[in-house]
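A.B. asks: Chain A is already provided as a structure; the job is to place chain E on it using the hints.
Here the protein sequences line up with chains A and E, keeping their order.
Residues 87 to 200 (this note's numbering) make up the first sequence, in order.
Residues 272 to 532 (this note's numbering) make up the second sequence, in order.
The hints are simulated quantities; they were obtained by calculation from the structure and are not laboratory data.
There could be a bad hint or two in this list.
Unchecked claim - Below, a list of computed lysine to aspartate or glutamate pairs in the DMTMM-like style, where the Cα atoms sit at most 25 Å apart:
#1 Lys164/A / Asp460/E
#2 Lys422/E / Asp460/E
#3 Lys485/E / Glu89/A
#4 Lys408/E / Asp460/E
#5 Lys446/E / Glu162/A
Unchecked claim - Listing some non-contacts, in silico: residues in chain E with all C-beta distances to chain A over 12 Å:
#6 Gly314
#7 Glu317
#8 Lys320
#9 Tyr348
#10 Lys422
#11 Phe438
#12 Ala458
#13 Asp481
We treat Cβ as the ideally placed atom computed from N, Cα and C, and that holds for glycine.
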Amino acid sequence: MRESIIMKIHYGTALGAVALVAVHVLMRLSQKFDVSLSYQNVMANYHLLPYALMLEVILVLLSVHGFNGLRVILLELKQGATYEKAINYGSIAAMAVLIAYGSRTILMAGMGIS
Amino acid sequence: MATVTVPKKESQNLPGNPKESQEQQKTVTLRIARINPGEDAKGKFEEFKIPVQKWTTVLEAILYVKQNLDHSVALRYSCRQASCGSCGMKINGKPRLACYTKISELESETITVEPMSNYPIIRDLAVNFEHLFSTHKKMKPFIINEESEIKPGAKEFIQTPQDLEKFLQFSYCIKCGLCNSACPTMATDASFIGPQGLAQAYRYTADNRDEGKKERLKIVDQSHGIWRCHFAGSCSNVCPKGVDPAMAIQLLRGYLLGFRK
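Next comes chain E alone, as it looks inside the complex:
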């Protein structure tokens, strides 16, 4: 385990706000998982002492390390505003978005960041999303309706606020994969569709403009499909966008059990 302390000169460049006075500085220890599956699958943790402000996010802290202490830390990030879903990682043991998690809210002097569980690791904090995206694609995440093509004289589909309410929250999914990382079934069953895919299957099935219900129900109704969910609810607990995949799975089951039409 290596510990890197911030040199005095470098500590001027604070993550979040470089102009903030030095008196308000607080220092935390950032433990970053360093894993290179090609060399050593087990990996190790490296510790960095970094100055933080009240508003410093975990992503800013990691980027501070990359800029000033160790540029070789691998992570995926993009928008920095919880829209793209790229910077998912385990922060103090819980899957979260690094850009959406302030260090101050963690109330800990030591912040541990690790790659998300249930995904193959590419390196350090970056994981492979191939399964997530391929499963998402399998759910046919689009409106299936022969009338949806724009033709002369075509009218818009009428949708009441009640119709919209049925699926709206599930359309907020940003495919960050935190739900799949938190899912206990995914930890043992690599073939499980996962809460993200199942929630998306419900999102389109519940849409009154869609006519692909039969197709999607057939896809989720298999031995590693919807029935393998144990309703632990971890997926809903970690979603940064307030989506409730556990509920979507139960509602989708309603179609298969004949409770919903």
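So here's chain A without its partners, still in its complex pose:
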């Protein structure tokens, strides 16, 4: 993939994440902070489909943005064909693992499985 496309995704995910995390934080302010983080309240959030979907989107946006950022840092740190290949594929793999693990948490909580 061309670097400009990757960077467009990088900037896009950053903007998207800022907007959605803002919504996520504002939801905490809809009631008292300690109440908003009580077990029942958090579980209720997961049971609400639009909110659970938003959490899933945040997870994807932050994973893509974060691991691409890490990839860029590591590419600047050291160079070499094998190293760069390992970093590129490693980042994609780490991204996929994190999204899979996070999605599993959201799904299980949404379905009431603890």
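C.D. replies: Chain E in isolation, oriented as in the chain A frame:
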């Protein structure tokens, strides 16, 4: 560290103006990095006490050392008027042209000269420009236009002052390499194209006579290309010709992001 003091007889030959009266003389300590990568990559500094005038440049001071105190100091220089871009070096920690930097403007009793960062050192103050020139060449620094060949009946390309304004300042680049030396990305990423190459890519891309935009954008759009610039702006800060490579990089990004056509 060795300290060499100017013998009385030699101090008659002042850098800059040999005829100036001795009463106006000021002395500064010139610390020159002495590095021979073949022997000792770390190197050392040697100190020389030299007389200077208000107008003495750092290059003149180094040449004074070469002529009178230690002829083995290695440096690259040529035009002595900030045109050739040969005498770039770190002067008191900042990349500058030695011929364009007056000792008086540094406002320091001790002047430290070192080879530019981010380049392999050949010896002392002379560095290897191979990467700089090869990257410059990769950017296709010429007008790409099939109609540019002189044919019978061919007309000149019309260019308005506004068209010229888009790239003019970037054509003032003298390839001195100071921008690459100041670039923090180049310090860690040896494969990075660097501000000099990217500014030249913009210079030709923005030229309305040129038709090589697609080719150049493809060259800079790679993992060690334009996207690795963090916009620190150090390149623009050190350019002796007033070129703003940091701006060129942002403008070039505009083409890739679709903000510019």
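A.B. asks: It remains to establish, for every hint, whether it holds in the given structure.
C.D. replies: Results of checking the hints against the structure:
| no. | hint | verdict |
| --- | --- | --- |
| 1 | Lys164/A / Asp460/E | holds, 7 Å |
| 2 | Lys422/E / Asp460/E | violated, 45 Å |
| 3 | Lys485/E / Glu89/A | holds, 15 Å |
| 4 | Lys408/E / Asp460/E | holds, 19 Å |
| 5 | Lys446/E / Glu162/A | holds, 24 Å |
| 6 | Gly314 | holds, 25 Å |
| 7 | Glu317 | holds, 34 Å |
| 8 | Lys320 | holds, 42 Å |
| 9 | Tyr348 | holds, 32 Å |
| 10 | Lys422 | holds, 36 Å |
| 11 | Phe438 | holds, 21 Å |
| 12 | Ala458 | violated, 10 Å |
| 13 | Asp481 | holds, 20 Å |
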